[in-house]
Structures are given as C-alpha cells and as structure tokens.
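Those protein sequence lines, which keep their order, are chains A and B. Residue 26 is where the first sequence starts when you use our numbering, and the numbers rise one by one after that. Residue 1473 is where the second sequence starts when you use our numbering, and the numbers rise one by one after that.
To be clear, the hints were calculated from the coordinates, so they are not data collected in a lab. Wrong hints could be hidden among the right ones.
The following label-pair restraints were derived from C-beta to C-beta distances [as the list claims (entries may be wrong)]:
(1) A:140 to B:1552: 43 to 53 Å
(2) B:2227 to A:313: 52 to 62 Å
(3) B:1625 to A:225: 53 to 63 Å
(4) A:225 to B:1552: 38 to 48 Å
(5) A:214 to B:1552: 17 to 27 Å
(6) A:140 to B:2163: 44 to 54 Å
The beta carbon of each residue, even a glycine, is placed where N, CA and C say it ideally should be.
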Amino acid sequence: MSVEVVSGNHAAGYALSVAGEANRAARGASCGIYPITPQTEIVEYVASFPFQKSRVVPVESEHSAMAVSIGASLAGARAFTASSSNGIAYMVENIMVAGYYRLPIVMVAVNRTLGPPWNIWADQGDTLMLRDFPWIQFYAEDNQEVLDATLMAFRLAEDHRILLPALVAMDAFIVSHTQAETVLPDQSAVDRYLPELDLPHRLLHEDPKTLGGLAWPEVAMSLRLEIDEAMDRVDEVFGECRAAFRDVFERDPGGAIETLGTEDAEIVVVVSSSIATTAREIVKQRRAAGEKIGFVKIKMFRPFPERALREACNTAKAVAVLDRNYAAGVGGVFWQEAKAAFQGHRDDLIIQDYLTGLCGGDVTPPMIDEVIADVTTRDAETKPIWMTAP
Amino acid sequence: MAAKTLPQTVVFWALMLESAKNTMVEIRIHGRGGQGGVTLAKLIATSRFLQGQSVQAFGLYAAERSGAPIQAFCRYSDDTIHNRNLIYEPDHIIVLDPTLVGPGITGGLKPGGWILINTPASPDTLQEQFSSNRLATVDATSIARRNKLGTRTVPIVNTALAGAAARMLGFDLDEMRAAVEHLGFAGSNITAAEEAYDQLRVFEPASLPTVSRSKGASSTGLYHTDEERGPSFVEGAGGGLPGIETGLWATEQPHRQQFVPPCNHVCPAGNDVQGFLAALANDDVDNALAIIVRTSPFPSICGRVCPAPCMASCNRIELDEAVNVRQLERYAGDNGQATVEPLTTRDEHIAVVGSGPAGLTAAYHLARLGYYVTIYEQGWEIGGLLRTGIPGYRLPPDVLDREIGRILSLGVDVEVGEVIDRNRMLELTQSHDAVLVATGLQELQALRLGVGDAEAVEQGIDFLDRSHRGEVRVDDEHVVVVGGGNTAMDAARSALRLGATNSQVIYRRTRNEMPAIKEEIEEALQEGVAIDFLIQPITLKVNDGGGSNQRRHKLVCRRMELGEPDESGRRRPVELDGSDFELECDRVILALGQSPDLSVFPEGTEVRQGQELLGLLETPVYAIGDLATRDGTVAGAIGSGRRSAFHIHNTLNDLEVPVTIQTETSSNVEVWHNDVIRSDSLKLHLFERRPASDGVAIAPEVRRTTFDEIHAGLTDPSEAKRCLSCGVCNSCDLCVTFCPEGVLKRVGSDLIFDYAHCKGCGICVTECPRNVVFMSHL
C-alpha cells in the first residue's frame, strides 16, 4: 500500500488496471478504449499499464469500445472501459447489451454535461440517462472513493448471485482532475480481494452456443424478472463486498449511503458525488451550533437504496435534495428517486429539489446555506429550484 | 422555473472557513497553457503532502490550448480539507507569465498575501500596482531556458517557480526538492528549483492592511430575474460562449503580406503583369486594359512583338510551363476598352524628337500628366521602327494605327517631315520647356565585303522599310541574311514572302547566343528559313560560273568557334584558320545591329538613360529609348519613355512622384516586400498542372506566302487563370475556407482577421498557395 497525490482519473485507471491484472492467472484483462475529455487520462493509464495478460484495444468510437469489452467479457476476461458525456450517449446501444448479456463489465464514467451547448464540466446527466438499464451505478465523492468503488464494483458484478455490469461515476474535473492524497492498494491485496473471474455463461469454442437469440415473450420477460431478482440481491451482496474490503484493505469503504446526524435530524440534506464534501462540512458546523440537521450521501444510485434513505429520514420533517442533473420536464433524478422511495411511507414529508451546479457550476458553501435556509422554512414543496453560484 | 425569495441566509460556510483558517492555505496560480501551472500546483501540494498535510491541486479546465491563460489551484491543511470549490479568496497568488499581471488576476486575494511573479523585474517596481500585498519576483523564464526546460519559445517554468514558492512560503528547500523528485523530475528541474530558491527577491511594504477574512456577502444563486440568465438558445447564440476571446490563447497571429511577382519585376515596360492577368482571370478585359495603360500605351503591340522576359521568369515554369503573358496582353489590347484622358492641364510645352515606341510612350505619359506635347518626326509616318522595322505579318499596320491613335487622342501634336539637326535642336530648346530625344539607333553597323555590286548588299532595316512600302521583290533568289537578331529573322522571313526560293541566315555564334525572340526563331524555321551557325562572311564575289545553281554571287565565309565571353557576356566567336568556303547567293542582307546617331547633340555629349544632358543647354534635354539604352526592344523603349516622362515631371515641378507602380490589390496588406518571390516560396503542389494556351496559329506553309498576321491570338482569356499570382492575394479564399474557427473573413479585396478569436493555429498559412499569409510571434 502506498499513499500518493494523484488525480481521480489516475485513481480510476489504477483501480481498473490492478483489477484486470488480478485476473492474470485466469483469462486476463481486456477492454476497448476510446478517449474523451475529461476521461482521457484513464484510458491512457490503462493503455500504458504493464499487464501480464491482457488485450487493450484502441478503437474508433465509444460504441466499439463497449463492443470490444462485451466480446472480451464473454470470452472470460475481466473487462472494463471508461467514457464520458456524449461518448456514453454514443455507446448506449452496447451499454444496454452488456447489461442484458449479464456481463460483469465495469465502466468508469466521468460525469460531464451532455451537449449542446458544448460544455466539458461536471453534470450527472450522462450516466443518469442509463438509470433504466440493468447496470449497478455508484457516484463517488472523491479520488479514494473512485478507487474503492471500482474495486468493489468488480467483486459485486462478478458475484454469481448478481452478474450485472456496474459503473462508477465521478464529477468531471472536480474529482477527475484534482490531485489529492489517495491510498493505492498493492496488487497482492487486490489479488486477494478479487478472485479470478468465473463467468458461468462464458463462450467456449469446444461448446459453441448462441447468446441472446430470439426469445418468445414469456422467456424474454422471465429474463427481465431474473434481472430484477439480481438487483434485489445487490444490497446483501454489496454488504459482503464491503466487509471483505475491510478485511483485505483494513479500511471501511463505506456503504450504499453515508449518513451524518440523521438520528435526530428534522432537516436532511441529500447529496451525491463531490458536492458531499462541502455539504457534509456545513451540516457538521450547523449541528455543532445545535441545529437538528442531517446529511445523507447517496453513493449507490442503482439499485436505489430506498430503505436506507427512509430510515435515515425517520425523524425528518423536510428533505432537501441537491441534484447536479436535470431530467427534462421533471427535475432532478435523485429527487425523483427519493420521492418514489417515500411514496406510501411518509406522505407528510416535504421533499424539495434544488438543481445546483448543473453543467459544471461550482456548488459553493453559501449556496448550501441558502438551500438549508429555504428548506427549513418550507411548509410545502414547489417545483425544483434552479440555483447557480453567485 | 420556480423563482422564490429566500429568507435571510445564515452564513455557516463562513464559520467553516473560520475553523480552517489557522491551518488551510489556498494558492491560486495564473499562467498560460504549456507553462506547467497545474504541475506547479501539484509540486506545492506534494511538498506539503510529504510533510503530512492534506492537499488538493487542480486546474480550471476549458478548451484551452498552448498559450491560453489558465488558472490552477492548490490547497494544503493540517486537517482534512472539506471543500471542493474553486478558490475565490486565495491566500497567495503565483503568476507564471508577466504579461498576465494586472488587476484582474488579484481578484479576491487576501490583503497581506504574497504575489509571486515570474519576471526579471525587481519586486519593488510593482509596489504601486499591488500596494496591499507582499511581492516576490524571480526570473524563472531565464532559469528554465538556462536549464533547457521546455522550448526556447515556451520554457516550462514550473519547477523554478516551485523553488521560489518554497522560499516565499517559508518551506525548507529540501522539502520542495523532495516534492520535485517525488514527481519524477530530476537533474535540471531540481537545479532550476534551487536556483530560483536562491534568486527570489522579495518586497514587503512597511505596513500591511489588517488581515480580515471576508464574511462573504453571499448573494443568492437563484435566478430571480430574466436579466440574471444567459441568452435564449433559440433567440441567442445557441448557448455558446461568444464572450470567450480565444485570441488570448494565441502565441502567433496570421498577417497579410505581399511580394513582387517576378513578371512585374522584370517587365522592361514596368507593367503590372500580375494585376492585368488577375483582371483577365476574372473575365474583366476592360479592367485588364486599364491596368496596362497605366504604364504602357502599346498592349496590342507588345502582345505581338515583346520577347516577354516575364514568361522567362514565370514561376509557373517549375510546375509546367510559363503563363502565356504575351498573348494575354495582346488579348487585352485587342479586346478591351479603356478611356485615357489627361489628368489635368499644364502650360509647359515639351518636344519629343522621334516617334518610335520610346518617344510615343513619353508623349503619352506627359500628355496624361497634362503637358502640351509636340512630336517631331523626320519621316512622313509616325511609329518609327514599329512601322518600318517590323513586318506586317508580325505587327499589322492597323494595330499600330489604333494604338498610336490612343496616344494622339490625348491631344499630342505631331510634326512630320521634321529633320532635327544640331541647329534645329537649339531652336527646340528655346521654344520648349524640355526636349526628349528618342531617335533610336540610326547608325547601322556595316560589313565591308569588298564587292563592287552594291545592289547585292543591303541593310536589313532598309530592306524591311522597302518591303513595308512595297518597293522590293526577291523572286527566285537565294537570299543570305547575316545576323542573329530580330531584324535578321524579320528580313529572312520577309524574303520568303517576297518570292525567295532560299532564305538563309548565317550567324557567327550559335543558337544559344541569338538575341532574336525564341518564338520568332521557331517560326522562321517552321516557315523554311535555314539558319547556319558559326559562320562569318568575309567577301562577296561575283559568281563567275562553275557553281551548280548559277546564283549571281559567291559569298566567301569562314567557320568560327566560340571562345571566351566578351563584354556582353556572350562567348566571342573566333575564326578558324583554313576553314573558308563559298556560299552561292543572289543577295546579302546585313542585320548586324545598330548604334545611336549623336550628331544632333553638341560635341562631347554623353548619353545616359533618363539623364539630363548637363551644362550644354539651358533647357532640360533628355536622351531616351534605344538612343540612351541600346536595349533594342519595344518594351524597353516603353519603360524608358515612361520613366523619362516622370523624371521630367518631377524635375519641372520639384516633385518625387514614384515611377514604380505596386500592384494595387487591397488596402489591408500589412507587410509590403520589395523583393521578388521565387517558386520555392510557393506551394506548387496545390496547383493543377495544365498546359499553356497559345491560340490559333496559321500553318507555316500558308503564312510564308503572305504578309497577313501569322497568329490569330487567343479566343478567350482563360489562359490567365493559370497565373499563380505569386506573392499577391488573388482572393482564392482557401484561407477563409479552411479557417477552422471561422475568424477569417473576406470583405471585398480585404482579408479581415478576427484577432479577438483567432487562436493562431496557422492553417490559413498552410493553405495559402502563394505565401500571402504569414504567422508572426506575439
């Protein structure tokens, strides 16, 4: 183990590479890669990593990058890739295929605004458009969480009770390009954490078969239900992955959500990704001043940790959700999910959406203060409130 | 959208900053893309990380490229850092490029904080500008260059500034050295850090303002009014960022220049060749003619008889073959319409003696300048050798009349039958304000062939004059022409048309030394003229019988060989002993060259081109044309006439009107070069190869029988499109088409560069085939 000052992209590239390398005694590592700002450093890192057994394929587009990873995964390799923004949009068809093929591919996504207008800064709209796909999704707060979540994503995705692809998202530049101290685990530890990939439906030349051929409605629907059942098991299996992480790396990587002060909070601030760092500190200061306020960071977005969120808001009268994303005609996606989570459970709860830091805007401490001041005095919800940094 | 007034904000974020203030330091770095600003942030962060502190280092990224102003940030703290925002109120700032120094970069800087600037200037020179701060400077650029970090133009200054920052912030040099090494830098980077650490100069004001942390009058981030929002995508600019002046990123900018094309440079008449070709390429024949008659009144004549040095110098030869400028000039002269009028009226009366091309051109320009001009011609027709010395099959008389008519239409008077001797010259000087003498080369070079039969030997000029007047036939004769110039060719070809069975040219040197126009030699050979080289006639004898053809005479000739070059640069012919032989013939025509007749001038007069004949007469008298230059071409005579006209104009009016005419393409050429552009400065690979057009020529066997013009000329001016327009913008607009940023526009003949948004990529320069656009460093 070493601690280095590295960027979020570096942490992601490192995690993908050592995870792939951990499969060297089996079918090795493989990925299709295609660069895009601000993800480029990740694929550069992967392309220059001295794998013992790998096939890193530079391709001509994101669509092909995922296609290569699908093929590699079907052949038993530990497969992964990385992309961002419009690149993910172009990759979508194969992202969906990877999910329905039940392939444990891991993708690191750097959240960047979908254009037009052209904008390279942080916005979660690119990965949240995949929310209805059979993919597990994590949103990482900082460099360390990018690395930890990526390693856990492999273990979770490859578990035979799950067998679903997983993505780990981070904010463009705010995390991807910020250098900060990060624990980089040794290969030997990663080898212990990630056993060799054993894909049950792996393609074998001695046993040829077709995957994903024509299926009649009752069969296809049954496969959908199978995915739903796998999603239901994620909570439990993820808990095991977290415990194993603690055993191997001697650190707690955190759970699906993180809470602070929710045991007695009347107001709860719900955030994700890098906004959590600043929001957590504001909540700490306010609690120190005697306010009954709590903090929830949603790290795992899909499957959405409904129950955990409900429990965290047990004592709350109002919840402020900060969304760095916008679903057209609706509002923030995290807010929508939160609303659904409380439906039929807490119909008295005020759940107000604040669209903060869209398209890369800085979410500053004064903005979070304003959110708290607003939600505290509310007696009803309104449509989502749009906020920009002053 | 919900717009709602929020209650008074409780500023807990300020408490949060307060709690961190004793330990967290925030630094903002200003530089340009490529200088290593983000790495500098990482170097500082790493040096603190290695001391056990929590750190952040990051850049503010956009679509920058090398040279664009950038910002980078660094935080370090004893406690975990609980902030992921940009740094709005830095404790210190570091400036990598001194050109960025200004009030803009110190925004939010805490009073008393350090400003570290990469500059050779002393820090106290900046104290007025930044009175509330401590100042530090170091010449990191020189340190980086000395240590060969980056390139000479873009030195990478980050490791030097890391050393300087360490000193400024009170770190141990070893702590920064450790960071530099930790990031994998070695050798000269460490030396640079050490040098900067040692060379840092600081200035601390006697009193600094009290450090008070802003409580941040927090304005709400809500959109309260429409004014706080950006433009509509539909009504505005699609949400784009027209406000970003990407020109700030540029380290180089394109500019427009113009060179002298070789054709313009060599034209003896001083014509704007490229200019009139451009007009023809644009199908604007009238404008082409208007451009030519600014300098020459004889486009139809030069378009037929000029040796065309423009074509010999044409850069297009390197691609395929020269542009057929001669025929294009003829096309403009024959098909264009241009009105010429005197520009003003003046009182001075100027005499021009001689009506050849030099005299006529001088008269033309003087008349246009408004002078009263009288031409004195000893013959009964004007035109000089243009009329008598050039056969009609090359220059039809109606063409000559038309162009002379243009000159006379300016109000030029002509006195024919005026023989000017020395006395008459004195009279002219008394009755005129200036006299130009353009009598050409009247003295014909003779050759003593020692024969009594003077009928058999004749000067070429005289032969052509008699031919012109219809006074000579040479039916069934064998005619020998001695010489290698245009007169020899004209005489030999005329002899064929006058009935000769054999027309033979003998020349004492070789074809390489022949002064005649290349095309004329070709045409003569096509028509059946024989040309024999390295032969010198010695004597002419009456044929006393014995020969097979029964010609009237025998010309005794001697073989020659080429020796050392003479003063003309051509190799001198040397006689070969014992090589004499006899050539039977009926007639010998001498075309050996001419020399000036100076008998009209006072004794001792020295004739120089465009020069006043000093001290001899009170009135300015000038010798012009062949009389002064012995050039021997129409184009040379035109140039001499025009230069002399302007010289007189300047002398009489004490002016300095320039004689040279620059191609007038547009008003926004920024750099005018006086040097000639050569083919190696052009991008010839961008042009298609295409053979030259030469129009319709009459078959040799037909034309040798008649004095009708041998060439019908071009049927259209499309040949002009082959002109490469060397070094002169011809609005091809490749630059505009290929500009990836759309910051280059054409407005009329101007190229407008939008420097506020031009990033200096240089594609316009790469695409310009004619070296009109160039990059210059900022």
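Each hint tested on the structure:
A hinted range of 43 to 53 Å is violated for the C-beta pair residue 140 of chain A and residue 1552 of chain B, which are about 35 Å apart. For residue 2227 of chain B and residue 313 of chain A, the Cβ-Cβ distance of about 54 Å falls inside the hinted range of 52 to 62 Å, so the restraint holds. For residue 1625 of chain B and residue 225 of chain A, the hinted distance range of 53 to 63 Å is satisfied, since their beta carbons lie about 60 Å from each other. Between residue 225 of chain A and residue 1552 of chain B, the C-beta spacing of about 43 Å keeps the proposed range 38 to 48 Å intact.
Between residue 214 of chain A and residue 1552 of chain B the C-beta distance comes to about 24 Å, which sits within the given range of 17 to 27 Å. With their beta carbons about 51 Å apart, residue 140 of chain A and residue 2163 of chain B fall inside the hinted range of 44 to 54 Å.
This entry does not satisfy hint 1, going by the numbered hints stated previously; all others are met.
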